[in-house]
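Line by line, the protein sequences are chains H and G.
Quick note on numbering that gives the first Met the number 0: the first sequence kicks off at 0 and runs consecutively.
Quick note on numbering that gives the first Met the number 0: the second sequence kicks off at 0 and runs consecutively.
Check the hints yourself; a few may be wrong.
Note that identical chains are pooled: a pair holds if it fits in a single copy or bridges any two copies.
Computed cross-link-like contacts, PhoX-like style, restricted to lysine-lysine with a CA-CA straight-line distance of at most 25 Å [to be verified]: (1) K337 to K321; (2) K63 to K85; (3) K179 to K87; (4) K63 to K84; (5) K85 to K342; (6) K369 to K283; (7) K179 to K278.
Since the hints were made in silico from the structure, they are not lab data.
Number of protein chains: 2
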Amino acid sequence: MIVTCIFLSFTNMKQTIAHILLLLLSWTGLAAQQNVGPAASAATVTSPVVNENNTVTFRLAAPKAKSVAVIGDWTEKAGADIPMKKGKDGVWTLTTAPLSSEMYTYRFVVDGVTVIDPANPFTRRDVNSVFSIFYINGPQADYYQVHDVPHGNVEQVWYHSDRLNMSRRIQVYLPAGYDKARTNYPVLYLLHGSGGDENAWMELGHVSRIMDNLIAQGKAEPMIVVMPNGNSSKQAAPGETSENLSYRPAMTNRLPGIKDGEYELSFPEIVAFIDQHYKTVADKKHRAIAGLSMGGKHSLTISANFPDMFDYIGLFSAGFPKKESQYEAVRDIDAKLKVQAEKGYRLYWVGCGVDDQFDIHDPARAFAEKMQAMGGNTEFHSSSKGHVWSNWRQYLLDFAPKLFK
Amino acid sequence: MIVTCIFLSFTNMKQTIAHILLLLLSWTGLAAQQNVGPAASAATVTSPVVNENNTVTFRLAAPKAKSVAVIGDWTEKAGADIPMKKGKDGVWTLTTAPLSSEMYTYRFVVDGVTVIDPANPFTRRDVNSVFSIFYINGPQADYYQVHDVPHGNVEQVWYHSDRLNMSRRIQVYLPAGYDKARTNYPVLYLLHGSGGDENAWMELGHVSRIMDNLIAQGKAEPMIVVMPNGNSSKQAAPGETSENLSYRPAMTNRLPGIKDGEYELSFPEIVAFIDQHYKTVADKKHRAIAGLSMGGKHSLTISANFPDMFDYIGLFSAGFPKKESQYEAVRDIDAKLKVQAEKGYRLYWVGCGVDDQFDIHDPARAFAEKMQAMGGNTEFHSSSKGHVWSNWRQYLLDFAPKLFK
Numbered sequence: 000m001i002v003t004c005i006f007l008s009f010t011n012m013k014q015t016i017a018h019i020l021l022l023l024l025s026w027t028g029l030a031a032q033q034n035v036g037p038a039a040s041a042a043t044v045t046s047p048v049v050n051e052n053n054t055v056t057f058r059l060a061a062p063k064a065k066s067v068a069v070i071g072d073w074t075e076k077a078g079a080d081i082p083m084k085k086g087k088d089g090v091w092t093l094t095t096a097p098l099s100s101e102m103y104t105y106r107f108v109v110d111g112v113t114v115i116d117p118a119n120p121f122t123r124r125d126v127n128s129v130f131s132i133f134y135i136n137g138p139q140a141d142y143y144q145v146h147d148v149p150h151g152n153v154e155q156v157w158y159h160s161d162r163l164n165m166s167r168r169i170q171v172y173l174p175a176g177y178d179k180a181r182t183n184y185p186v187l188y189l190l191h192g193s194g195g196d197e198n199a200w201m202e203l204g205h206v207s208r209i210m211d212n213l214i215a216q217g218k219a220e221p222m223i224v225v226m227p228n229g230n231s232s233k234q235a236a237p238g239e240t241s242e243n244l245s246y247r248p249a250m251t252n253r254l255p256g257i258k259d260g261e262y263e264l265s266f267p268e269i270v271a272f273i274d275q276h277y278k279t280v281a282d283k284k285h286r287a288i289a290g291l292s293m294g295g296k297h298s299l300t301i302s303a304n305f306p307d308m309f310d311y312i313g314l315f316s317a318g319f320p321k322k323e324s325q326y327e328a329v330r331d332i333d334a335k336l337k338v339q340a341e342k343g344y345r346l347y348w349v350g351c352g353v354d355d356q357f358d359i360h361d362p363a364r365a366f367a368e369k370m371q372a373m374g375g376n377t378e379f380h381s382s383s384k385g386h387v388w389s390n391w392r393q394y395l396l397d398f399a400p401k402l403f404k
Numbered sequence: 000m001i002v003t004c005i006f007l008s009f010t011n012m013k014q015t016i017a018h019i020l021l022l023l024l025s026w027t028g029l030a031a032q033q034n035v036g037p038a039a040s041a042a043t044v045t046s047p048v049v050n051e052n053n054t055v056t057f058r059l060a061a062p063k064a065k066s067v068a069v070i071g072d073w074t075e076k077a078g079a080d081i082p083m084k085k086g087k088d089g090v091w092t093l094t095t096a097p098l099s100s101e102m103y104t105y106r107f108v109v110d111g112v113t114v115i116d117p118a119n120p121f122t123r124r125d126v127n128s129v130f131s132i133f134y135i136n137g138p139q140a141d142y143y144q145v146h147d148v149p150h151g152n153v154e155q156v157w158y159h160s161d162r163l164n165m166s167r168r169i170q171v172y173l174p175a176g177y178d179k180a181r182t183n184y185p186v187l188y189l190l191h192g193s194g195g196d197e198n199a200w201m202e203l204g205h206v207s208r209i210m211d212n213l214i215a216q217g218k219a220e221p222m223i224v225v226m227p228n229g230n231s232s233k234q235a236a237p238g239e240t241s242e243n244l245s246y247r248p249a250m251t252n253r254l255p256g257i258k259d260g261e262y263e264l265s266f267p268e269i270v271a272f273i274d275q276h277y278k279t280v281a282d283k284k285h286r287a288i289a290g291l292s293m294g295g296k297h298s299l300t301i302s303a304n305f306p307d308m309f310d311y312i313g314l315f316s317a318g319f320p321k322k323e324s325q326y327e328a329v330r331d332i333d334a335k336l337k338v339q340a341e342k343g344y345r346l347y348w349v350g351c352g353v354d355d356q357f358d359i360h361d362p363a364r365a366f367a368e369k370m371q372a373m374g375g376n377t378e379f380h381s382s383s384k385g386h387v388w389s390n391w392r393q394y395l396l397d398f399a400p401k402l403f404k
């Protein structure tokens, strides 16, 4: 990038010097980036910087801007702007209070426009928005980062759903050593929420790092983790289907088929595909299903409709199916849950944040109590905060070690 | 996202209404995005819009901004700002001239700050910068997009390099049908440039789409494509190593070991790993190696050092090894090339853009002529434009159909 900038700024005036610089650089291996440069100023600041006391300093070179703020997910009221201060050099700065260990997302608001930090190359897309990220090391985020432990492989594979009549994409995590092992593995099916897709648990849930680290520490059994796409009218994540960029991610529940339960009823096709293509132990004892939000509702519905399939069920900030629905998957759901309880399972884990903005904390507790009353082994986990990824990563950290033991 | 915005804006004043709205939405499946909202205005515009005549309209809601421009890679002088015009509604717009078919990258410059388009969820990281993207359909970009053809799976796998003394990550594309096939496949090793990593060819090179489409049309043989990481001191892409976010991508040739040729000499470890773990035809006739820029230099060096390994070599806008280097991999490179030519190969393909900003077009032609003079089957492909991904995707489109036939 620097190379290109030099070239563009010195053209005409100092072309000869630029040429010499380029030639000096060129023999070692050439710049692979396209010559679409950032404003030169963006390259001169380092942002964000996590300081020793776990405060974080943000910097933005914006001498011409009238106002710059940070908007991040660590504030009491998530989504509130925190104004930055302009220095004499035109660089706006802000240092936070010390933050607890977590993976955080943030953006800048530059003269009213909300954007990622141009000095930070690390981003995550969450539904329809792209965020800049950073980590505060410690008990939580250490699990979300890469350590020198054996790494599992990750695969994006396509299966065909006869019921949904299309090829569909799945993310599969295989624990370290899978390729050489002669043993078969248990499987956790992990489902995303509304607005998400098969990539969400990997990108925002940090599944491969969490599983690598839990398994390396002996805290979780080596297991396969399968992350399908829960939007029944879609082949894959936005941008990865034949609709290409015309399928834009949105925080909407209006995707065709999102309510009709066909995805839930097609789930045995996914399980059969996984059992056919991977070294699994293909029985109820060695299968778990969990999901966040809409994926929690899916986990509830799927496991209730197929009571011989999963011995472990996890509902993370789950929605609950509408009882009066005319669709097969959720019809007579209470009767199905009763059958499921009678057939038995090893663990029904229900977690929710007390500040969940959808007011589902108490319904989640009531649901857990209902399952408990029917005699199954049920856990209810009440956490702080609301409907956020920091909770769902924590729920996975709590849930995964309880599986297949 | 909308849900969250409603909640935040109506709190206190209209909490009851908001609550009812939320409850109405909640049963179908809940919002999975964190409550870090974009400025509400960002959600009100659609950008970019590719119009019927292949012009493109960009929009940015920025009523408070003093100046807004687009900076994109379709302009004659790549990297030049194109000013946008402010409407009465505070929305800045620009419509381009008709563009030819391609995948384009762009950003906005808002009061001097270079940022992605907040209304466009689709981005690519190129080295240390994140860009917004769009496609113009047609002969080129149709290959770069997803169509309803059989899709190959993609894997991120870890191998151990004894020579480099670490676990390292590789991206592997497996052609559609691989899992069921009883046949073995040829392998193309595809190498990234300086500042890149094992993800670059997938993300910016669109390898899985190009191969899916070429194979479905019968233009290329079904083949495995292996994309290793060419930075010998690194385990994987920035953010995917145990250095985590402290390893920032940079357009630099100063990474430890980048010049010492140890990566090139360790390459047989990668080939052995692939032959052990995948259904390959493990001989020279069924192996190709190609790379862009630094990866072109690597392809030249690796194939010259191991003349019994590859029957097809592709140099895409390649750098060339420094002849006087003291390192084993590039020592006596001309003598090694002579041996390689004597042993024979099926195709030595060399491509470069006439406007390459590193002045490597004529050296590339001279190199191709040198190889031709030694008797091998050599092709030199001179293209328009410079050191850019649009060229490298085109080179792959040209090169892949010539392999293994």
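Each hint, compared with the structure:
1. Taking CA atoms no more than 25 Å apart as the test, K337 paired with K321 passes inside one copy only; the shortest distance there is 17 Å, against 74 Å between copies.
2. In this homomeric assembly, K63 and K85 come within 25 Å of each other (Cα to Cα) both inside a single copy, at 10 Å, and across copies, at 17 Å.
3. In this homomeric assembly, K179 and K87 never come within 25 Å of each other (Cα to Cα): the closest approach is 60 Å inside a single copy and 65 Å across copies.
4. In this assembly of identical chains, the alpha carbons of K63 and K84 lie at most 25 Å apart whether taken from the same copy (13 Å) or from different copies (18 Å).
5. In this assembly of identical chains, K85 and K342 lie within 25 Å of each other by CA distance neither inside one copy nor across copies; the values are 65 Å within and 65 Å between.
6. Only within a single protomer do K369 and K283 lie at most 25 Å apart by alpha-carbon distance; the minimum there is 22 Å, versus 65 Å between protomers.
7. Taking identical chains as interchangeable, the C-alpha atoms of K179 and K278 lie at most 25 Å apart whether they share a chain (11 Å) or sit on different chains (15 Å).
Of the numbered hints stated above, those contradicted by the structure are hints 3, 5, listed in ascending order.
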